[in-house]
Amino acid sequence: MFSPAMRRKLSEWLTAYIFLAPWFFILFVFIIFSIGWAFYLSFTDYNLFSPPKWVGLTQYIRVLRDRDFLQYALPNTLKYVAVVVPTQTVISLIIAFALDQNIRFRRFFRTAFYVPSVTSSVVISLIFIWLFSKVGIINQIFGLKIDWLNSPTYALPTIMMVNIWSTIGTMMLIFLAALQDIPVALYEAAQIDGANRLQILRYVTIPALRPAIFFVVTMGVIGCFQVFDQIYVMTAGGPLGATTTIAYLIYKWAFGSTNIQMGRASAVAFILSLMILVVVLIQRRIIEREE
Amino acid sequence: MYRKAFALMALVVVAGLVLTACAPQTVTVTVPVEKKVEVTVERTVEVPRERVTVRLSGWAANPQETALLESLLYRFSVENPDIIVKYEPITGDYWQAIKTLVGAGEEPDIYYMDIFQFPFFAKEGVLLPLDDLMAATGTSRDVFIPDLINAFTYEGKTYGIPKDFNTLALFYNKDLFDQAGLAYPTDNWTWDDLKAAAQKLSQPDKNIYGLGVPADPGRFPIFVFQNGGRIMTEDFSDTLLDSPEVVEAARFYTGFYFDKSGALPSDVGEGWQGTAFGKGNFAMVYEGGWLIPYLNQQFPDLKYSAVLPPKGPKGYGNLIFTVAYVISKNSKNPEAAWKVIEFITNEASQTTVLESGFALPSRAALINHPYFQSHPESATIFRGATGATPFMWGLYGSDVNEKMGQALERIYLKGQDPEASFRQAAQELREILGK
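Going line by line, the protein sequences match chains U and W.
Residue numbers for the first sequence follow numbering that gives the first Met the number 0, beginning at 0 and rising by one.
Residue numbers for the second sequence follow numbering that gives the first Met the number 0, beginning at 0 and rising by one.
One should not assume that every hint holds.
[To be verified] Chain U stretches covered by chain W per the calculated footprint, using a threshold of three residues with CB under 8 Å from any CB of chain W:
1) 127-133
2) 173-184
[Claimed, not checked] Subject to a maximum C-alpha distance of 27 Å in a straight line, what follows is the list of computed BS3-like cross-link-like pairs (lysine-lysine):
3) W/Lys278 x U/Lys144
4) W/Lys259 x U/Lys144
5) W/Lys413 x U/Lys144
6) W/Lys156 x W/Lys331
7) U/Lys144 x W/Lys199
8) U/Lys144 x W/Lys205
9) W/Lys205 x W/Lys173
[Unchecked claim] Anything over 12 Å on all C-beta distances counts as not near chain U; from chain W, calculated:
10) Glu64
11) Phe115
12) Pro128
13) Arg140
14) Asp237
15) Phe320
16) Glu376
17) Gly393
18) Asn400
Read the hints as simulated data drawn from the structure, not as lab findings.
If you're wondering where the values come from, they're calculated on a predicted model, not measured in any experiment.
From the three backbone atoms N, C-alpha and C, an ideal C-beta is built for every residue, glycine too.
Generate the whole structure from the sequences, applying the supplied hints.
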């Protein structure tokens with residue numbers, strides 16, 4: 000019936016799909032189905048206990064008129080992304096450059112900078128609660144009397160600092176790997192052409208790092224838009240909504256409330272993913288244009 | 000075979016005789032017949048009864064409390080071998096877990112229900128009314144402290160049997176009172192006594208403050224009650240956060256912070272005022288019975304005691320925090336589940352709970368138990384229930400709490416006037432309540 004070549008091809012396919020089956024199962028049940036279900040829920044009024052009631056776009060309209068969303072969650076999230084993404088990218092790039100040089104104790108520093116990335120974010124948050132308490136070490140070193148996490152002005156910047164500190168390790172590692180991938184021949188050629196160090200950096204290193212930068216910024220943007228755990232542990236969205244982000248709002252409406260609002264929480268979740276998608280697309284357009 | 004043939008022959012002979020004689024003749028033939036006989040014999044036989052399984056879930060506050068419940072369940076299993084209780088404590092976010100379980104119809108037969116969360120579960124009809132089960136075993140509502148059992152009553156039906164409760168008491172540090180040369184607080188104190196003592200006890204330069212006044216919706220309302228006010232209307236459809244009684248109470252409460260006779264826990268670098276009290280930063284705090292084991296464990300040298308919250312212009316006011324056992328409407332063995340609840344809330348079990356020192360029992364009769372004589376702080380908290388209000392603000396309880404906390408924060412952190420701040424809170428809350 001089948002030619003031997005075709006039969007071989009079929010058996011190859013079959014083998015492949017048998018091997019892939021467990022992952023397909025996970026993909027369809029826990030990712031595609033879940034996303035589809037949440038999308039459906041975002042058009043309903045659903046409190047977990049009673050069956051979902053179809054309400055059309057009501058939840059989206061409610062979210063876009065909600066005080067917590069407009070006054071706190073949206074501006075806080077945008078501020079957070081705008082500060083944290085560039086800062087963590089630049090700092091981790093600088094550290095990667097430094098550790099790419101032949102300095103003493105290079106291995107020690109690499110490990111030291113990476114440790115926060117493998118530490119639980121909850122543990123880090125607890126440590127920073129102590130560091131930034133009113134009688135904590137930070138205030139004592141700098142002779143300040145700021146109640147960092149209980150001040151509407153300083154709470155968000157404090158959480159930004161925590162997140163920058165804990166993510167630069169991973170990004171540094173990605174940059175280091177990319178730096179070491181740049182062929183030595185490129186540098187030599189540039190030197191022969193008489194380029195100075197700054198020119199080498201500008202015209203050789205940075206362009207060669209472009210894919211790594213794109214990757215780091217993309218991951219940073221996604222991570223920052225979804226910032227949740229540090230806020231959940233350190234401030235619970237307070238004081239006065241100063242650290243309420245979109246992801247925290249999703250949690251609050253879905254689980255943190257006596258009156259569950261699954262539909263509205265799902266609607267915000269889709270608004271958030273739409274925002275991430277738009278930002279990442281814009282960013283890709285920019286990177287492509289530069290090339 | 001041989002015999003059968005013989006019998007057949009005999010039959011033929013007899014038949015021949017009958018036929019040839021042509022007259023009726025009586026012949027006696029003995030035929031063996033097997034007969035069934037039923038005899039009733041009295042004998043005790045072990046008939047294996049069908050064992051039912053009942054699942055029970057709660058949060059695991061601490062290992063000692065878990066051990067206490069397990070010991071009660073063990074005693075139950077000895078008396079009721081036909082009911083297997085599967086205890087499945089939930090660690091982490093209990094409400095997230097239990098709400099998802101209920102949503103999926105996979106919830107345990109019995110679970111813990113906090114009064115604060117109760118309105119939602121009651122309104123959604125996911126709990127089993129217990130009145131018929133109570134009547135069947137002759138359990139009366141009257142044996143429980145009325146405020147507790149009433150709190151778990153919805154539209155005239157009982158949905159939960161209170162397992163334990165807490166109220167707030169004014170805890171005070173004896174050493175700090177001695178140093179300031181002040182007499183210890185009494186149950187008859189008033190707001191004026193509280194204010195005067197707090198001012199004398201405060202030494203801001205030494206990081207010592209008279210009273211802890213956190214922006215906590217679980218503490219502030221008692222001042223509202225003591226001022227004759229309410230947080231919500233009786234049917235919870237509207238808020239009274241902008242009423243003069245609330246604003247006045249807020250002015251008094253936050254006043255401690257502004258004249259430095261009180262402070263927020265974060266002012267002394269703590270997340271919770273209980274720790275600040277243990278460390279001697281706060282001379283007085285309003286806390287519940289949970290503070291007692293914490294202090295005994297973390298600060299065994301601290302000399303402290305507790306009295307009823309001082310009375311305000313309109314008398315006594317307090318909050319009741321209570322948790323009940325409820326049965327799921329989906330339970331396949333409600334009778335067995337009720338037996339479990341009945342057992343672990345009966346007088347003997349509740350006495351064990353009391354003697355363990357972790358929680359206060361929900362049975363009114365236990366007020367005369369000798370334990371209270373040797374533990375005056377627990378006695379204070381037990382007595383505090385009389386005339387207190389359950390910590391529950393209806394379906395939108397978490398929103399009420401949030402807005403109330405923010406109203407206090409605006410006063411503390413932004414120096415806003417209490418009236419404006421609470422007016423804003425009430426306004427924002429009415430938007431949520433759909434007013």
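Note to self: According to the definition I'm using, a residue is off the interface if its beta carbon is farther than 12 Å from all beta carbons of the partner; does W/Arg140 meet that for chain U?
What the structure shows: 25 Å, holds
Checklist line | Distance restraint between U/Lys144 and W/Lys199, which requires alpha-carbon spacing of 27 Å or less | finding: This hinted pair holds, its Cα atoms lying about 25 Å apart.
Margin query: Need the status of pair W/Lys259, U/Lys144: alpha-carbon distance at most 27 Å?
Written below: 16 Å, holds
Next item on the list: Against chain U, does W/Glu64 hold up as non-interface, every C-beta pair farther apart than 12 Å?
Entry: Its Cβ never comes within 12 Å of chain U, the nearest being 23 Å, so this holds.
Checklist line | Reported absence of W/Phe115 from the contact zone with chain U (all CB gaps over 12 Å) | finding: At about 7 Å from chain U, W/Phe115 fails to clear the 12 Å cut-off, so the statement is violated.
Margin query: Can you confirm whether the C-alpha distance between W/Lys413 and U/Lys144 stays at or below 27 Å?
Written below: 16 Å, holds
Checklist line | chain U versus W/Gly393 - minimum CB to CB distance exceeding 12 Å, so not interface | finding: Since the minimum Cβ distance to chain U is about 8 Å, W/Gly393 lies within 12 Å and the statement is violated.
Item checked: Distal placement of W/Phe320 relative to chain U, Cβ over 12 Å -> Consistent with the label, W/Phe320 stays out of reach of chain U, its closest Cβ about 15 Å off (over 12 Å).
Notebook entry, point to check: Once the closest CB in chain U is found, is it more than 12 Å from W/Glu376?
Noted result: At about 28 Å from chain U, W/Glu376 clears the 12 Å cut-off, so the statement holds.
Check: Has the given pair, W/Lys205 with W/Lys173, been kept, meaning a C-alpha gap of at most 27 Å?
Finding: The hint holds at about 17 Å.
Item checked: W/Asn400 remote from chain U - nearest C-beta pair above 12 Å -> 9 Å, violated
Check: Closest CB-CB distance from W/Asp237 to chain U, is it above 12 Å?
Finding: Fine: 16 Å to the nearest Cβ keeps W/Asp237 off the interface.
Hints 2, 11, 17, 18, counting from the list given before, are not met by this structure.
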